[in-house]
Each structure stands twice: as C-alpha cells, then as structure tokens.
Amino acid sequence: MTADAHTALHYCPDLFAYQRRVSREITIGPLKMGGDNPVRIQSMITSDTRDTDGCVKEILELAEAGCELVRVTAQTRKYAENLENIVREVRAAGCDVPLVADIHFKPDAALEAAKWVEKIRVNPGNYADKKKFEIREYTDAQYEEELERIREEFTPLVELCKENNRAMRIGTNHGSLSDRIMNRYGDSPLGMVESALEFARIARDNDYHNFIFSMKASNPKVMIEAYRLLVARLTQEGPDWNYPIHLGVTEAGDGEDGRIKSAIGIGSLLADGVGDTIRVSLTEDPVKEIPVAKALVNNIEFSHLPHDPENQQSGTLSYDPFSYKRRGSKEITIGNLKLGGANTVRVFTSQEKYDALEHKLDKLGDFKPEIVIETSGAVEVDPENDKEIAAINAESKPTLVTIPNGHPMAVIHAYRLLACKLDAHHPILLKDTFHPSNDPEKDFQDTLLTAARNIGSLLCDGIGDAILIQGEQAPGQSLRLAYNVLQAAGTRIFKTDYVACPSCGRTLFNLQETTQKIRAATGHLKGVRIAVMGCIVNGPGEMADADFGYVGGAPNKINLYVNKTPVKFNIPEAEAVDRLIDLIKEHDKWIEPPTVVAEI
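Just so you know, we're using the working numbering here: the sequence shown kicks off at 112 and counts up by one.
Nothing false has been slipped in among the hints.
Distance ranges between label pairs, derived from CB positions:
1) D534 with K628: 45 to 55 Å
2) K479 with K628: 27 to 37 Å
3) H698 with E506: 41 to 51 Å
4) N275 with I604: 46 to 56 Å
5) L475 with N496: 33 to 43 Å
6) K479 with E259: 58 to 68 Å
7) A631 with D699: 17 to 27 Å
8) E264 with H320: 17 to 27 Å
9) E259 with A203: 41 to 51 Å
10) N275 with D534: 57 to 67 Å
11) D162 with A665: 12 to 22 Å
12) N496 with G439: 20 to 30 Å
13) R199 with E348: 34 to 44 Å
Calculated from the structure, these hints are not laboratory results. No residue lacks a Cβ here, since even glycine has one placed at the ideal position from N, Cα and C.
Can you make the complete structure from the sequences, with help from the hints?
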C-alpha cells in the first residue's frame, strides 16, 4: 500500500525528532498501560497450562526478573479451566502481576479464561475465522455474511470482558491471517490491519474500549510497515481510536540473531514514539527476554532527545513508510568495489580496525572488511546545514555522503533528514552511532541493540548503501555485528537464515535444543531459510518466506514443509533433523559443510 505525505504525517507527528505517540490509558488488573505510563515489559511462560506448579514457578520467576505482564496459553476450555488454580497460587505467593490468556481457535476457551485472568489475547485470524488456505472469491454480500458470523462469535467475549473489567489484546499475526482476509487483501500489512479493525469495530459497537492492538510478523520489514499503517489508520478513524499498541517480532530466534531482529523491529518503532508495551520473543528461557526488553526501552530513553517544536525540521520523506523500496542512488567505485545503485550494501571499517585484522583477512570468511572509511572519499555533511546540502547537491557526480561524528540528532532521524534533503543519486554511508566508543568495558548488548535499531531501521526504510559500526571497539566483533544486522534486515544474506518461535505451552518439542541441533546441521547453507515452529498456530503462515519448515504436528511428531506446503507428516522427533537434511538435498539446496569454520 502506498501513502501520500499527509498520511505519512498521520503515522508520526515529527518524522525527524522523537515524540511518543499519545494513546489512551487502559487498565489490566492493577497495571495501567498507555497514556503517560512507561512502556510495559511482558513475556510468556512455556509450561503446559495444566501443570499448575510449573506455571506458577515460571510466572514468579518472570515477575522477579521485572516482567510486568505474563501470558499463558489456553488452547482449549479444559486448559483455560486450570487458570483458576494458577491465578489462585500466584496471588497466594504475593505476586500481583496481571496474567493474560493466549487464545487461538477456541472462543469457548476465551470465555472460560475471562473468568480468571486480567486480560485475553485473541488473534482475529483464527478466532471464529477459517484458515484452510482456501482460494475463493468473496462477493460483498458473502463477505458481510462472514463478518456477521464473526460478530456473533466475538460479541459474547466482548460483553464478558466489559462486565468483568478485563482487558483484551486484538493481536494480528502475519502468519495466521484468515482465508477471508487473505483472499481480499493478500498476505500483506493491509490485511493485518483490516483484520484487527474488524474486531475493534465490534468491541466499539458494544462500548468496550479496554483493549490494545498488535501487528506481529517474523519479517521486520513487514512488521514495521504493518504497525505504521495501523497507526495511520487509527488516526484517520478519529481521535478516540488512540488505543495502546503492543510491539513484537514473532519467531525472532535466539542468540545475537534474535536480539538483532527484535531491535530492528521493536526498536525502530519505539524510536518513532510508537509502542506502549513490548515482548521480545526469543527461543530461549523466557526470563532471558526481560533484560533485553528493558535495555531496548532504556536505550530509546537515553539516546533520543524529546521533540522540540522551536527547532523542528521539515521536509518530505524520501521513502514511503508503508512500502519498502530501496533509495535510488547511483553507482560509484571505491577501490575495486562497486557501491550504491543496485549493488549490495557494503561494510566499512576504520583504518585502526583494518590494521588489527590485516594479518588474518584470509581466515575471516564472510566477515571481511570491505572498505576503510579514512580512504573511501566519503564526504561528511550536516543534514541541518542547508548550505552544506546545497553544495553537495550541486555536484552532478555521485559522491558517498555520511554525517559527521558528534552530531546532536538521533541517528535515525538525522539520516532520514539527510535522505530527505540530499539528491537521490548520492549514496549514503550509515553509522550506528555518532559517538564512537573508546570504552572496552561497554556492555555489548547495548552496543548490539543500538546498532541494530539505528542501522536496521534505516535499511528497512530503504536508506543506506554502506554501513559502519563505531559503537563496538573489538575489530572482529564489530564486523560480525555489521553483517548480522544486514542479514536480519533482509539486506544481505550471507548465512543460513532461521525463523524460530519462542517456546510456549503449545510447543510440541524442546524448541531450544531442536533449534541448536538444526543450526549445527545446517548452519553452513548460505542463503537457505529454515523455519523451526513449535506448533501450527502461526507456523504455515510465518513460513511463507522460508525454504523449509520444521513444525510440531503432534507430541513428539514433526511435519516438514517446503515453503508453506506440508510434504512430510508425523516423523518421529528422533529422526526429524536427518529427514529435514534429506528434504534439503531433494531440492538441491544442500552442500557439504566445510572442514573448518572460521571464527572472529
């Protein structure tokens, strides 16, 4: 979907400075969200909901770690019934953290859960709607009939939540849009938004407003575009549509990759002032999600100056915030490498870091430094200085442009302003920070989150022809971070790409162990994308971009997919990784692993 400048301004009041979106306040038990409240941190437990002791233990551990809202899956009414026991034991332990029931497919489970927990999460794609991957054309009359059927199914939950003062999340997932939405809007951010708005209108028709929205996807570009479109649509609907927003990247994965992908998606939206609560979905122990989520929120607070109306920059965005397209620079040559135009985004380093690595360049594999900043001919331009911009724009020959260190603007907003004012034929070099680190003790997680948010966000906006990591002192680690950000943003694929969901009570195998086994067996398959999914709730949809999928179909049984088509069923878990390798070989995407894998 395209959007004009007016609609873009509906997305963010000031596109060149930080300003938090104004949302209404809602209540979730004792917790207040939205309005002037801080961005809330949440997570989800992995225990079977029928295991009261296991669930209570996990909830208390998350609360101790600083989690402010805990989600528990409720697959069926029977599972939901045990929420009574879980809530009782959690409250008896002196913990008042609100609990959320995660509902998919079963309206009767939602009605039961609403008796016991403070919030219900429903997914419009599979709550009283169908997901059979059917292709059909809906007439307007047929479409309205489906909406009326959904209204009949959803209204009882709305009324119960209103009566019991329960909150609700209308949470759309890119991987589980209904057939009805898919056939009318496609597998798109627009479909995600329309799916949620249909349910919100039913809630509003019943004078129920204690709800929030989410638009989650495993692809950061899709996720960012969907949330931007949602905010624009809510603004267009009217001032009383200012509902709070939950941010999350589904199936982010584990380790550095999961943190980077989360920082790109969540961090870029937080930097625009969008988001009232976040969940970082890692394929790890849920307690490990909390410090990452806290760091993401704190990172924004410490790096983004508040909006200053007296020093407001103006201009028209160089890109459509609702549809990805790379900025159209012209090609230049630096040394023996081409940069800009249709060429891949290049990785820069400093002369000092290059010198430290020069003796082992042949052992660095795909993590090689490509261009040294000091000898690149890059020109530094202050985006707030119109004379400097005019001087570079007077040059017809394309020139690599960057922003000088020490610039006071936040990185994302500074480069947006540069791209807005700079003639398009000049390529742009992105920096992760304007304040290079000289502290060897600096927390690497903060460095990683900053680099991923700043560079990843701009790459997802189509801005940037080269990148330079300055926040990390270690030469090898800074290069690894640069390439991993490019990979997570979908800009430059140089290794196997994994989509791995976090564990939850629906998971049918040990996700953490299995993901590591699959990584060990397939980590050398450059450019191959593999999805590891615990169940079928989001599996087939989120795997649309994956080459192969490994999905829990039943306890200890695995289904294997090619793209989003299941091809092998009920494989014993002990055999499934080997069968996945066989499937990759059948499709001619297997290569034998190298004898030695270089590390830096």
